[in-house]
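Protein sequence lines, in the order shown, are assigned to chains A and B. In this text, residue positions in the first sequence follow our numbering: the first is 1, and each later residue adds one. In this text, residue positions in the second sequence follow our numbering: the first is 1001, and each later residue adds one.
Any given hint might turn out to be false.
Computed list of lysine-lysine pairs in DSSO-like fashion (alpha-carbon distance at most 30 Å, straight line) [stated by the list, open to error]: (1) B:K1150 x A:K8; (2) A:K150 x B:K1150; (3) A:K53 x A:K115; (4) A:K107 x B:K1150; (5) B:K1049 x B:K1125.
Just so you know, these hints were derived from the structure itself, not from any lab.
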Amino acid sequence: MDVYEVFKTIHIVAAVAWVGGVILSQVNGALATRSGEQVRLHGFIQDQAWLGKRYFAPAAIVLILAGIAMVIESGWEFADLWIVFGIALWVASVIIGAGFLGPLSEKLTTELGQKGMDDPGVQSLANRLALLSRADLVILLLVVIDMVVKPGA
Amino acid sequence: MTVYELFKIIHILAASAWVGGALLTQVQAARSLAAGGPQLEHFMWEQQKVGPRFFAPMSLLVVIAGVVMVVDSGIDFQDLWIAIGIAAFIATFITGMFVLKPRVEKIVELLQSGKAPSDPDVQPKIANLIAMSRIDLVVLFVVVIDMVVKPGA
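Here chain A stands alone, though its shape is the one from the complex (with noise of 0.2 Å):
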């Protein structure tokens, strides 16, 4: 194994725990909602704030790093259109995560303890939620297929 396949298996197992996670916590949102009990909505908005710092944020980390590296590596070009769109899109999706769904996360734990699920301004804050995690979970997808098609190369 090269240094090349080293960063490539490092930057593909950070991609497979970032978007997998992102799917299945897509998953577990909707069976919390689908069972209309605060107990599951509460445990599963508590899991995401959590997770938000310790285990999205440096698994988006690591994926940039070891990106970087292979392109350095394997002599690609930083302008290459694909790479730009990765870029682009990994950058859009760290803003999303770490400036609206973390915040969001953690007031909507607080409030949801305090008012309850039935409240309309915890209904909001939850939808504003649900809305942000899919167009995060739609980015994420954008880049796998950008990876895969490699537009421009």
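Assemble chain B onto chain A, guided by the hints.
Coordinates of chain B only, in the frame set by chain A:
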């Protein structure tokens, strides 16, 4: 986009969902086991739901798209990296359906009968389940490395 690329995207997305979901589940398992109480009960509730609704369909999608890719590309099923991938898929599918799933159902049954996650009847069963699912995760990561490095190709 070619037929091969289309099925490669499906294969990679399903594999990411499966392996990344399994990794996220391990992280949640460790956290829930340490916390105990309602958090562990919520974790087990999720596991009972996501096994048949998420992990089983994803694993089938991985193998179906993978088979189509092999047929479409002209790669030989007897190639070492393909043989390793298929053998690992069979091992982890059997583990999931016939080892992990019945154990999850038994634990959820005990929890729903009123026993606490810390109950001496329940706690060892949860610890055993998590240990077995870790072995399954190792197998999945071996497949990821196999698919990246492609030994014998």
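Hints versus structure:
| no. | hint | result |
| --- | --- | --- |
| 1 | B:K1150 x A:K8 | holds (12 Å) |
| 2 | A:K150 x B:K1150 | holds (20 Å) |
| 3 | A:K53 x A:K115 | holds (25 Å) |
| 4 | A:K107 x B:K1150 | violated (45 Å) |
| 5 | B:K1049 x B:K1125 | holds (18 Å) |
In this structure, only the earlier hint numbered 4 is contradicted, and the remaining ones agree with it.
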